[in-house]
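Protein chains in written order, with UniProt numbering: chain Z, 1 to 167; chain E, 1 to 113.
Mixed in with the good hints, there may be bad ones.
Residues of chain E clear of chain Z, computed beta-carbon distances all greater than 10 Å [as the list claims (entries may be wrong)]:
hint : residue
1    : 52
2    : 87
3    : 97
Covered, in the sense of this in silico footprint (three residues per stretch, anywhere, with C-beta under 8 Å from a C-beta of chain E), are these stretches of chain Z [said to hold, decoys possible]:
hint : region
4    : 4-11
5    : 14-20
6    : 51-61
Since the hints were derived computationally from the structure, they do not count as laboratory data.
Virtual Cβ for every residue (Gly too), placed ideally from N, Cα, C.
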Amino acid sequence: MHSFGYRANAVVTFAVTILAVMCSIASLSDNFNASSPTAEIKVLNINWFQKQPNGNDEVSLTMNISADLQSMFTWNTKQVFVFVAAEYETPQNALNQVSLWDGILPSKENAKFWIHTTNKYRFVDQGSNLRGKDFNLTLHWHVMPKTGKMFADKIVMTGYRLPDSYR
Amino acid sequence: MNQRERERERGPFAIPNNAQMDWQGQKRAEMLMQVMLVVFGVVAFVVGYSIGSFRTMMLVYAGGVTLTALITVPNWPCYNRHPLNWLDPSEAEKHPKPQPVPSKKKSGKHHHK
Chain Z
1 MHSFGYRANA VVTFAVTILA VMCSIASLSD NFNASSPTAE IKVLNINWFQ
51 KQPNGNDEVS LTMNISADLQ SMFTWNTKQV FVFVAAEYET PQNALNQVSL
101 WDGILPSKEN AKFWIHTTNK YRFVDQGSNL RGKDFNLTLH WHVMPKTGKM
151 FADKIVMTGY RLPDSYR
Chain E
1 MNQRERERER GPFAIPNNAQ MDWQGQKRAE MLMQVMLVVF GVVAFVVGYS
51 IGSFRTMMLV YAGGVTLTAL ITVPNWPCYN RHPLNWLDPS EAEKHPKPQP
101 VPSKKKSGKH HHK
């Protein structure tokens, strides 16, 4: 049979196959994107630092986050999700990650940003380990493509230290 | 029914309602479909990538698929230029089906010699 329906089916099937190939190549083309992201975070102030009644330490910080992720954007980028995490080591856990702030960069124009903010999410430790603690602030990002593979990467910034006493 | 009578019924260029493409037409339609889709895919990708617009790639390809479907799906007259000419039933009557003559092949051959 070589009917109308047969030919319509053949066109649609083959068209979708080629579409899949095009999307795969589009995703692969992201690998050729050389990116040079930069980020800087300044902790401007420790607003308060106390022990909760249940024994967990909690800190409130004011930060200045500036980053340039414009080079992450390619023709196949839908948006970029960024978040800042405080990372530190305690006797119980080799790595603690506490998300302090996040944001969505919907376009390349938004990808070079600067924000002055207190921590959006609570910086609470599991326990009472934060006094005098050295910690890293890490800017993580996830590049969400229009099609294909998602990329994630980070910039680790070291050398931050919490006060030795509650305030 | 001869050719002229058939044409009088549905016009010289019309496609019979339930007709399929002829063999050559099928081959042509299939080839055309595959070549057009691949070409449009490549063109769409190159255009989209070079101007950095995923949307443009999709639009170009969608246009290409639509055009391909319009050209290769309907049974256009150009796919029916090599009709199979079946013999008229009257011809069959003039040349009756040869009746099988059982087990006389060998003797027949001998007879011809």
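The hints, checked one at a time:
1. Under the 10 Å C-beta cut-off, the non-interface status given to residue 52(E) relative to chain Z is violated; the minimum distance is some 4 Å.
2. Against chain Z, the non-interface label of residue 87(E) holds: every CB pair exceeds 10 Å, the least being about 23 Å.
3. No beta-carbon of chain Z comes within 10 Å of the beta-carbon of residue 97(E); the shortest separation is about 29 Å.
4. For the region 4-11 of chain Z, the stated coverage by chain E is satisfied: 5 residues place a CB nearer than 8 Å to a CB of that chain, which reaches the threshold of 3.
5. Requiring three or more residues with a Cβ within less than 8 Å of a Cβ of chain E, the coverage given for the region 14-20 of chain Z holds, as 4 such residues are present.
6. Residue count for the region 51-61 of chain Z with a Cβ under 8 Å from a Cβ of chain E: 0. That is fewer than the three needed, and the coverage hint is violated.
Consistency note: the structure conflicts with the earlier hints numbered 1, 6.
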